[in-house]
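Asks: In order, the protein sequences belong to chains Z and H. Following my numbering, the numbering of the first sequence begins with 4 at its first residue and continues without gaps. Following my numbering, the numbering of the second sequence begins with 8 at its first residue and continues without gaps.
If you are wondering where the hints come from, they were derived from the structure by calculation, not from laboratory data. There may be inaccurate statements among the hints.
As the list claims (entries may be wrong) - In silico SDA-like cross-links for lysine to any residue, where the CA-CA straight-line distance does not exceed 25 Å:
hint, chain 1, residue 1, chain 2, residue 2
1, H, K389, Z, G111
2, H, K389, H, Y368
3, H, K333, H, A343
4, H, K231, H, V291
5, Z, K149, H, A191
6, H, K234, Z, Y117
7, H, K98, Z, Y117
8, H, K102, Z, Y117
9, H, K93, Z, Q121
Claimed, not checked - Calculated Cβ distances over 12 Å to all of chain Z for the following chain H residues:
hint, residue
10, Q139
11, K231
12, V244
13, D253
14, I350
Glycine included, every Cβ here is placed at the ideal spot set by N, Cα and C.
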Amino acid sequence: MGLEQKLGDMGVVTTSLEKAVGWARSNAIWPMLFGLACCAIEMMSTQASRYDLSRFGMELMRASPRQSDLMIVAGRVSRKMAPVLRTLYDQMPDPKWVIAMGDCASCGGVFNNYAIVQGVDEIVPVDVYVAGCPPRPETLIEGILKLQDKIKQEPLKKWQ
Amino acid sequence: MPANNPTLHEAPESVLTESNAQLDITLEQLKKLVTPRAFTGETMLLNMGPQHPSTHGVLRLLLELDGETIVSCIPDIGFLHTGIEKTHEGKTYSKGIPLTDRIDYLAPLSNNLAYVGCVEKLLDLEVPLRAQYIRVILLELTRMNSHLVWLGTHALDIGAMSVFLYCMREREMILDVYELVAGARMMTSYFRVGGLWRDIPPGFTDLVQKILDVFPERLLEYEKLLKDNPMWKERTVGIGVIGKEDAIAYGMTGPSLRGSGVNYDVRKAYPYSSYDQFEFSVPVGSNGDVYDRYRCRMEEFHQSLKIIEQAMKRLPAGPVMVDNRKIAPPPKHEIAYSMESLIHHFKLWTEGFSVPEGEAYFAVESGKGEFGCYISANGGPKPRRVHFRAPSLCNLQALPRMSRGCLIADMVAIVGSIDIVLGEVDR
Chain Z
4 MGLEQKLGDM GVVTTSLEKA VGWARSNAIW PMLFGLACCA IEMMSTQASR YDLSRFGMEL
64 MRASPRQSDL MIVAGRVSRK MAPVLRTLYD QMPDPKWVIA MGDCASCGGV FNNYAIVQGV
124 DEIVPVDVYV AGCPPRPETL IEGILKLQDK IKQEPLKKWQ
Chain H
8 MPANNPTLHE APESVLTESN AQLDITLEQL KKLVTPRAFT GETMLLNMGP QHPSTHGVLR
68 LLLELDGETI VSCIPDIGFL HTGIEKTHEG KTYSKGIPLT DRIDYLAPLS NNLAYVGCVE
128 KLLDLEVPLR AQYIRVILLE LTRMNSHLVW LGTHALDIGA MSVFLYCMRE REMILDVYEL
188 VAGARMMTSY FRVGGLWRDI PPGFTDLVQK ILDVFPERLL EYEKLLKDNP MWKERTVGIG
248 VIGKEDAIAY GMTGPSLRGS GVNYDVRKAY PYSSYDQFEF SVPVGSNGDV YDRYRCRMEE
308 FHQSLKIIEQ AMKRLPAGPV MVDNRKIAPP PKHEIAYSME SLIHHFKLWT EGFSVPEGEA
368 YFAVESGKGE FGCYISANGG PKPRRVHFRA PSLCNLQALP RMSRGCLIAD MVAIVGSIDI
428 VLGEVDR
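Generate the whole structure from the sequences, applying the supplied hints.
Replies: Written out as structure tokens, the structure is:
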């Protein structure tokens, strides 16, 4: 049937379960459709015509945190938004990852004031920080590729 | 369940207890906002947002529903409050410009102009004509940029996916112009007090000309997709109606106001940056529904192109910055041999220039409406108070009035039609 008949005996590939799972996970990440501020517009650009994030198997944005693996915190997080953001993170099923997109999400950026959480890593664990104000789409794609590399190397027992 | 960072298994108390996501009102106040039927269980209270794909950011709406009909709508804002106005008080006038980019991040240059225009008004500066014309070109590109994102997301909310992809494709052309002049795709800070950061680099004319050539055809494409589309009309005609008087009473401005048939445009009413030298018309609707607001914005594309064409044709030669060294930084090459210039440069970059005591209000017509900036100066290099009149906030006020009696599915269409940006609402 199909490929095996055409190619003949394809033999056996051996790998570790961890590597196989990591490979599968890294190439089918569903990000959450969740934008906060300026960076969300660049995130939209990243998915849109010119940059086309779906080349990396990342185009399926889910509006519900229950169906997402990745939270891209795109923009500044205010003190009022912080509990909401944490709730969303808690609602995501394991395994889950977080990208802090932009300077505001990474460290507060230009807004060192009373209103903005100085880095989203104060409330959720962050895997990849993407610098820029806002980061160019290429930068975000680089960050996502870095995350994919990271996921490939993650041991299974981490999420047990 | 260990997460990546072992210290963050549980939500940290310190940040999360400082505020909560509940409506910050008492029960008595809530009783005035919803009908008594909500408390008997006859109607349902539904929470929409702050994480919702169609709220254009982090707007939260508390909806009271009778079946599918919206009885009342209570917007809850502040999820993106950034403290920009307060931060301005600690910055010199030129360091305040980058903060304004991030208010309405879809129209950074309109914000820049409102701010620098206000400072120029306080300083009584006359900006060189070339700078004014370049400003006009970029402001109109900004309006198109803002409208493109509006059209893409508005259509996406209602269910037309392909429009979004087309709009973002065209938007990249405008971002290329931004990048060429300012070095950044979104946060431009290109307008400075007294003129521009620098003259337009070579290649600017070609890029703008390409936009002028390509856009009419592309606009036709958008019109083909939506204008007479029966599904689009079904979702937009007669939805979210607001009358002339109501729109004025709520303080609406921009295309959202003009959709109701009020001919008010800051560019015509109080011309700034030599807008009075260009010929253009202001599209006005009549019914005040979602469809008319859509038509107004679509017509504005054509008017913007018309203005850009005129400005490109008549672009005068000359400087792009005022000659006053107390405000405009000296050219880099002068610093190498002129002691005077070195001192000016040093003073401008450490202390900043002082603005005489007084107060001023300066408004521009951004893509959303009248974007104004009010500065109260105390004579020093930093403002006493900066306030922004955000059109999105005023337009959002009319949302409860517009949505009353509509179906819940129309809510996304109405929110899209008033074209709000939460960065501007909350600031």
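Asks: A separate judgement is required for each hint: does it hold in the structure or not?
Replies: Each hint, compared with the structure:
Pair hint K389 (chain H) plus G111 (chain Z) holds up; C-alpha atoms about 22 Å apart against a cutoff of 25 Å. Proposed proximity of K389 (chain H) and Y368 (chain H) is supported: the alpha carbons are some 17 Å apart, at most 25 Å. Taken as a hint, the K333 (chain H) and A343 (chain H) pair is honoured in the structure, with Cα atoms around 18 Å apart against an allowance of 25 Å. For the suggested pair K231 (chain H) and V291 (chain H), the alpha carbons sit about 21 Å apart, so the restraint of at most 25 Å is met.
Among the hinted pairs, K149 (chain Z) with A191 (chain H) is consistent with the structure: their alpha-carbon atoms are about 24 Å apart, no more than 25 Å. A hinted pair counts as satisfied when its Cα atoms are at most 25 Å apart, and K234 (chain H) with Y117 (chain Z) does not qualify at roughly 46 Å. For a cut-off of 25 Å, the pair hint linking K98 (chain H) to Y117 (chain Z) stands: about 15 Å separates their Cα positions. With a C-alpha separation of about 19 Å, the suggested pair K102 (chain H) and Y117 (chain Z) falls inside the 25 Å cut-off, and the hint holds.
Using a Cα cut-off of 25 Å, the hinted pair K93 (chain H) and Q121 (chain Z) holds, with the two alpha carbons roughly 17 Å apart. With 12 Å as the threshold on Cβ separation, the claim that Q139 (chain H) sits away from chain Z holds: the shortest Cβ distance comes to roughly 27 Å. Under the 12 Å C-beta cut-off, the non-interface status given to K231 (chain H) relative to chain Z holds; the minimum distance is some 18 Å. Listed as outside the interface, V244 (chain H) is consistent with that label: its C-beta sits roughly 27 Å from the nearest C-beta of chain Z, beyond the 12 Å cut-off.
Every C-beta of chain Z lies more than 12 Å from that of D253 (chain H), the closest at about 30 Å, which supports listing it as non-interface. For I350 (chain H), the condition that its CB be more than 12 Å from all CB atoms of chain Z holds, with the nearest at approximately 28 Å.
Consistency with the previously given hints fails for number 6 only.
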